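Chemist: Sequence:
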Amino acid sequence: MSYSGDAAEQVVRMSLEGAEVAAKITGAGAKQVAILLYAILREQKKTKGKTRLTNMLRSGKELKVFAVKDTDLKQFCKASKKYGVLYCVLKDRNADDGITDVMVRAEDASKINRIFERFQLATVDMGSVKSEIERSRREKAAEEFPEPERCAAESDKTAQLVDSMLQKPDKEQEGHTPNPAQARTTKSPQSEPISRPSERSERDISNRERVRPSVRQELKDIKAEQAAKAAEKAKDRAEKLPATEHHAPKKKRRKRKER
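Quick note, in full-length UniProt numbering, the sequence shown goes up one by one and the last residue is 259.
Simulated from the structure, these hints should not be mistaken for laboratory data.
Given the structure is predicted, the values throughout are model-derived calculations rather than measurements.
Certain hints may be false.
[To be verified] Here are the computed lysine to aspartate or glutamate pairs in the EDC-like style, where the Cα-Cα straight-line distance is at most 16 Å:
#	residue 1	residue 2
1	K50	D108
2	K69	D92
3	K69	E132
4	K69	D97
5	K91	D101
6	K46	D108
[Unchecked claim] Distance ranges between label pairs, derived from CB positions:
#	residue 1	residue 2	range
7	K50	N113	18 to 28 Å
8	A67	G27	44 to 54 Å
9	A28	K91	30 to 40 Å
10	L37	K81	18 to 28 Å
11	S59	A19	39 to 49 Å
Glycine residues also receive a C-beta, built at the ideal position from the N, C-alpha and C atoms.
All chains should be built: construct the whole structure from the sequences, respecting the hints.
Modeler: This is how it looks when you write it as structure tokens:
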């Protein structure tokens, strides 16, 4: 009987300990859930300071976006909390332009303008920012890939060559005779060799045309040959075929009837 009593005590003790552990777990879980719900309700009822983007969008109110420099962002956050502005920082980690977008409600736009005036926060000009970014990129590219000195030397050589080419016609014109009438009457020796090749080319072309037979005549000859060959083939076939002889039909004799 003692063994059965010990077993029953152990069962009761284990059940009590399990219930105690379950109560502790449920109590801790309920506490965490309560804290989470309180934080969510507090976040939803928040009227100033930093908030999440989802809460800003769920509010259903008109929103506006302002551009703030990274150097002035900390001061802007303090001032907006002081003035009772609810804002959301839209930070892009991959951006390197030094600007951060801040989303606020449209009804707080006047407060934001006052913060900029009060704390002398410079408004951002996107055009100037883009130009500065492009300039910095060009400077970096120039530092990484500097132009060699050969380009400058080659450019100087080309410039000298162009100048010399432009100066040559002037010198040649100075060497000509000043009298234009005399220049017209004198025959240029360069005209003779130019005319000779042209005459030769014309003669060569005429000789080639004479030697070259007409294409139409060749086609006619080919057609005549083909027709002659076809006639010969037809004659050969006719000679090979046996001649058919026509015979008159034989008369049938009628048998006489016996009486």
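Chemist: I'd like to know which numbered hints this structure contradicts. Please list them from smallest to largest.
Modeler: none
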